[in-house]
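J.: Model the placement of chain B on the given structure of chain A, informed by the hints.
So the protein sequences, as listed, match chains A and B. 0 is the number of the first residue of the first sequence in numbering that gives the first Met the number 0; add one for each residue after it. 0 is the number of the first residue of the second sequence in numbering that gives the first Met the number 0; add one for each residue after it.
Hints in this document: simulated from the structure, not taken from any laboratory. Please note: incorrect hints may appear among the correct ones.
Which copy is meant is left open, so a pair is good if it fits within one copy or across any two.
[Unchecked claim] Straight-line distance between alpha carbons at most 20 Å, and here's what the computed DMTMM-like set of lysine to aspartate or glutamate pairs gives:
| hint | residue 1 | residue 2 |
| --- | --- | --- |
| 1 | K257 | E72 |
| 2 | K220 | D299 |
| 3 | K248 | E268 |
| 4 | K334 | E268 |
| 5 | K151 | D80 |
| 6 | K275 | E46 |
| 7 | K95 | E72 |
| 8 | K95 | E289 |
| 9 | K182 | D160 |
| 10 | K121 | D213 |
| 11 | K121 | E221 |
| 12 | K232 | E221 |
| 13 | K158 | E142 |
| 14 | K49 | E11 |
| 15 | K206 | D80 |
| 16 | K275 | E55 |
| 17 | K248 | E46 |
| 18 | K49 | E298 |
| 19 | K22 | E268 |
None of these values were measured; they are calculated from a predicted model.
There are 2 protein chains.
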Amino acid sequence: MDSNLNNLKDYEFNFSEVIEYAKKHKVSIVGIQLPEGLRRMQNVLAERVKCELGCEVIISTEPCVGACDIADEEFLNLGADILLHFGHSKIPCLSKTSLPVFYIECRSNMDVENVVNDSLNKFVNGEKVGILTTVQHVHKVNEISNILSKGKLTPIVSKGDCRIAYPAQVLGCNFSTAREEIKNGADSFLFVGSGYFHPLGVAISTKRKVIVADPYSNEVKEIDGVNNEIVNKIMRQRFGAIAKAKDAKSFAILVGTKKGQSRLGCALELKRMIEKHSFQVFLYSVGRIEPEYLRYYNEDAIVSTLCPRVAIDDFSRFNKPILTPIELQILLEEKDWNEFAFDEII
Amino acid sequence: MDSNLNNLKDYEFNFSEVIEYAKKHKVSIVGIQLPEGLRRMQNVLAERVKCELGCEVIISTEPCVGACDIADEEFLNLGADILLHFGHSKIPCLSKTSLPVFYIECRSNMDVENVVNDSLNKFVNGEKVGILTTVQHVHKVNEISNILSKGKLTPIVSKGDCRIAYPAQVLGCNFSTAREEIKNGADSFLFVGSGYFHPLGVAISTKRKVIVADPYSNEVKEIDGVNNEIVNKIMRQRFGAIAKAKDAKSFAILVGTKKGQSRLGCALELKRMIEKHSFQVFLYSVGRIEPEYLRYYNEDAIVSTLCPRVAIDDFSRFNKPILTPIELQILLEEKDWNEFAFDEII
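This is chain A alone, in the form it adopts within the complex (with noise of 0.2 Å):
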């Protein structure tokens, strides 16, 4: 097969299950599915996918934030045979699809060396480093864990729950693989990947410190999970969010209809929760979520049961305080402040 289909610029993909499947099987038409940070590729890889499997090939427009975002369904209807769902390595208890789904990870070719390198002095001598990372480095988790022990340092790597797909793994919207470390002995982490999303739900989850080493920038930053200006900005804006819904009277508890944000049992439990409080309260199923969906809300308050992130990195396009569930909880005294937690699905 032409290898620059694997080799586009700084990423790598795997299609060799890919061609071995639509070999087998007849593939007339495949769909396409890629998260925002993929859409400039989506022409080549289409056209790559379209000469190597001798197919048409339907890409997909709508917004994709995860592996828990599948658009089988979609593709079924559209009398598609396969999906190829790039950049999200699959979440291993979501594995049953109404088609088969090939997940296409996308590895980062960024050198982590020397970044891993600058990190080593921001830990003491035989501190046990848990490593996590995303799965565009995962495979780079070896060569971390030689740097850090020839730092003097005892790399700790786990695997976390179902939802993840590999050692030292840690989603937006799952820390079990940092908890998981800590059992095994972890007294600190190193993250590798930009963004801060992951290790700040990390350090605000387990109140350690998070070291993170970005391999785009080769900027190395600590988080500490108890006093740290990030942690200490979105603890600030959370606690406002929640004080801001203290007068509600009545509450939307919003439920996703993305088969890995759905979560139908937590919100009936929150709807209970509410209506023991005597307040008012209503469901509603959302698919992507849009402020401007939302204009006809009466409710006072939101709580979201989707993605994690929805309420963390979007607050500030609703006008209306949106919580997590940890975070109703903590509204309705069902749980103390100093429980605060990013929201997880697990």
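T.: Same frame as chain A, but now just chain B:
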């Protein structure tokens, strides 16, 4: 049952079939889907359904454009037992759904007598007048017929193709009833309802005179299918879009993922037509169309096989020309300019 459930302000809803079903089956979770026009009643309706059926109710937040846009699969995945789809009549040829769907039509109580009487002088004695209306007023067709007969006109009432549920009914995507009425002798049409889209589509599609009797504004308007200000304005816009796409070297074809808007066969046919002319073409699947999702498209022009109204009503929201299938055929000179018509799903 509570008579208020049936009668909310100016509308009537028929719940009897649902109540009967709920009594026979165990219904614990019920989904509700409404068009924008009924959103302001969503909480009242949800509360009433909950009281009547003794169940949990989940309201869908996604915009709903018609009975082509049934959220059956989303609600099945959410664990709902039935879906109540408000405000649209069933599309008979789309009756297969993943869970039981009840179409709670919404009948307007608006008086039509005066405005239909006012329209009589727009016709000449003995003229054969095809009656057309939307689902809100189909229960008034007999009354309208009688007024026309008394006014010395011959009313023609016909039923269109398999997308049409009631005699005299037209949809925004289907004017087959009008063509059927022409076959049955209609010289011209009386459209009872509001909005310009339906009568305009009929006028352009049939090139006959359409008289609009709007019971909301009590206004009577005439749309001449060949020479009329609104028709001319729309025609200029559409021909402008075709002209703007004249230099396109690449095309994006949009395929709908909504059950009743999905026309992959049509899309593939258009793709082959474009390829025959040696232009580049990519297929994209689209649920709800949002111009911002098209920002990654490199193509020069867009062809929509979704809801026919997208290209016509939303053209100003796109920074690229967006054409219907017929308009692409005109562009590629596969059809003549005078064959222009509103796109229909038939």
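J.: If a hint holds in the structure, say so; if it doesn't, say that too.
T.: Evaluation of the provided hints:
Both within a single protomer and between protomers do K257 and E72 lie at most 20 Å apart by alpha-carbon distance, with minima of 11 Å and 11 Å respectively. In the homo-oligomer, the alpha carbons of K220 and D299 never lie at most 20 Å apart, since the shortest distance is 38 Å inside one protomer and 44 Å across protomers. In the homo-oligomer, the alpha carbons of K248 and E268 lie at most 20 Å apart inside one protomer (18 Å), although the nearest pairing across protomers, at 55 Å, exceeds that limit. Taking identical chains as interchangeable, the C-alpha atoms of K334 and E268 lie at most 20 Å apart only when both belong to the same chain, with a minimum of 14 Å there against 59 Å between chains.
In this assembly of identical chains, the alpha carbons of K151 and D80 never lie at most 20 Å apart, being 51 Å within a copy and 59 Å across copies at closest. In this homomeric assembly, K275 and E46 come within 20 Å of each other (Cα to Cα) only across copies, at 18 Å, whereas the closest approach inside a single copy is 56 Å. Taking identical chains as interchangeable, the C-alpha atoms of K95 and E72 lie at most 20 Å apart whether they share a chain (11 Å) or sit on different chains (15 Å). Taking identical chains as interchangeable, the C-alpha atoms of K95 and E289 are never at most 20 Å apart, the minima being 28 Å within one chain and 30 Å between chains.
Within a single copy, K182 and D160 get their C-alpha atoms as close as 13 Å, which meets the 20 Å cut-off; across copies the closest is 66 Å, which misses it. In this assembly of identical chains, the alpha carbons of K121 and D213 lie at most 20 Å apart only when taken from the same copy (14 Å versus 74 Å across copies). With identical chains, the CA atoms of K121 and E221 are at most 20 Å apart within one copy only, with a shortest distance of 8 Å there and 79 Å across copies. In this assembly of identical chains, the alpha carbons of K232 and E221 lie at most 20 Å apart only when taken from the same copy (15 Å versus 62 Å across copies).
In this homomeric assembly, K158 and E142 come within 20 Å of each other (Cα to Cα) only inside a single copy, at 17 Å, whereas the closest approach across copies is 71 Å. Only within a single protomer do K49 and E11 lie at most 20 Å apart by alpha-carbon distance; the minimum there is 18 Å, versus 52 Å between protomers. Taking the shortest Cα distances, K206 and D80 never come within 20 Å of each other, neither inside one copy (46 Å) nor across copies (43 Å). In this homomeric assembly, K275 and E55 come within 20 Å of each other (Cα to Cα) only across copies, at 16 Å, whereas the closest approach inside a single copy is 54 Å.
Proximity of K248 to E46 under the C-alpha cut-off of 20 Å is restricted to the inter-copy arrangement: shortest distance 16 Å between copies versus 54 Å within a copy. In the homo-oligomer, the alpha carbons of K49 and E298 lie at most 20 Å apart only across protomers (18 Å), although the nearest pairing inside one protomer, at 48 Å, exceeds that limit. Proximity of K22 and E268 under a CA criterion of 20 Å is satisfied in neither setting, with 48 Å inside one chain copy and 26 Å between copies.
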